[in-house]
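Residue numbers (numbering that gives the first Met the number 0), protein chains in the order written: chain H, 0 to 286; chain A, 0 to 265.
What the hints contain is simulated information worked out from the structure, not anything from laboratory work.
Bear in mind the structure is a predicted one, so any value in this text is a computation, not a measurement.
Glycine residues also receive a C-beta, built at the ideal position from the N, C-alpha and C atoms.
Short, incomplete list of chain H residues facing chain A, as computed with Cβ under 7 Å:
id, residue
1, 78
2, 111
3, 113
4, 115
5, 117
6, 122
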Amino acid sequence: MTRANKTRDSGNETIQMTQNLSFSLISTNKIIQMSNVSTSYDSKNFALEKINLSIDRGTNYAIVGQSGSGKSTLLKLMNGMMVPSSGTIKIDYVSPNMNNKKFKKMMHTIGYIPQSLGLVKNITVLDNILIGALPRLNKIQSFFRKFPEHEVTEAKRIISLVGLTGKENRKAYMLSGGEKRRVAIARALMQKPTILLADEIVSELDHVTAKEIMNLIADAQKRMNLTAIMVHHDMQLALEYANRVAVIKEGHKILEIGVEGDTIVDFQTGDMTTEEIMEMHADDTKK
Amino acid sequence: MTPKNNILIGIIVGLVLIASYNIEANPLDFVEGFPNLGIILEEILVLENIVDNMKYVPSALLAMLETLQMAFIGTVVGVVIGLPFSMLAARNLNSKFVYAPIRILLAIVRTFPSILWAMLFVIVVGLGPFAGVLAIILYTIGFVTKLQFESIETIDSDPMDAVSSIGVSKFQLIRYVVIPEAASHLLGQMLYMFDYNVRQSSILGIVGAGGIGFFIIQYIKFFEYGKAAVYLFVVLIVVLGIEWISVKIRDKYIVKSQHGMEVTAK
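Required output: the full structure, derived from the provided sequences and hints.
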């Protein structure tokens, strides 16, 4: 059942929501803050230009946009794989930079699922998931591939959580698309993450499997109080699962909306209705 | 065919002729000397000689066993020593300041053929198979590392990026992503290297570095072609056998895993 169906009733909904949103705007509990961030792959064209984002801890945040709009780049900036050419980024008040020791430690708890999933195809499901525990291993354990018993138990618990029981010893290349995504999610959960970044992980799946995967992440997000930041192609899917949605177009954030039940509030301009947003996205899709 | 191509072909043909003249390559010598091959074959293929020379088969097999052991030790030790160098020489794992000097070092090692290394080690450790083993180890390091770092550079960057983003160490990245991803290539290269080293070990005896080559060169020197033929025949059979086993291993473990097919034990 989606959140939209669950929260369909209240008369005071808008008031309550406005209070929540106002609180979130002044809250200092920001896990991700981006201020005037620009970056480019070459010297001529910006991949992202003057992006401002502020994400609260525990939010289910969606980034929506067309191919090449800069959504994936935004995630890579958040996990330190790319550095901005200008502007500042803070992840839990730390600059995401591979050379920053504090951030390097923080990376252990940032789960990142790329669009390609990044599974090691020649090893088993269990071994792929145990990779998430690697930062907790010492050098000798790493060398001899000796995972502590409690880590193996935890991996098996997560395997059961993502519905892959009985497939622990299958090689990753032998799995279906949906199963591979479950392994990638499980690997990220094995990190005991505080932030989960996922890049269009349901875009190639059929509707039913996509929903299963999204429910799995939504469930994990609530259970572990994760901040989930998910890149989507599909606005409908984003509105269905996220608390907040940012729309990126040609490297610019053109819209940021808060979703509460069936109500959508535009944080940037405040003058757009749900219909207008959907229409605008539909127009973009046609292009 | 463009005039430019005709000129290029003309230059290549001209260079071949000049080089042939310089090394005194005369096809007539080959034609005139060809009947000598008949004399050798006559000595080898006479039934009486064949039966007589069969008594050398056990000693040929023992010499071949020594050759195989030389190749096996040389390959395993060479690959094990070479693997860390391959990791250091891969561009996708290191900065230019690391991979460039390592590549130069490996290129120097690779420059000398195993027989030259064997001559050097005969001087260092004396005559015998140990000199041959050392030569094969060094040649393997030079040769297999090139194959290895090239295949490491071609592995999919997505798992590396995904696992790097967890903040793992370089060693963990190599141990848990690079080696498993490149494993089928590395195994294939090891088989190829063993195959190659068996052939190489067969001739290292020429410079006194042990193996079956020592016997072959001795019999040829004393014009005992029948006995030499027995030893050569054993080399042929063993090399073909190894080739057959290599193909089976490749089919079962390498080709299937590279094409994403399920590998099942029969």
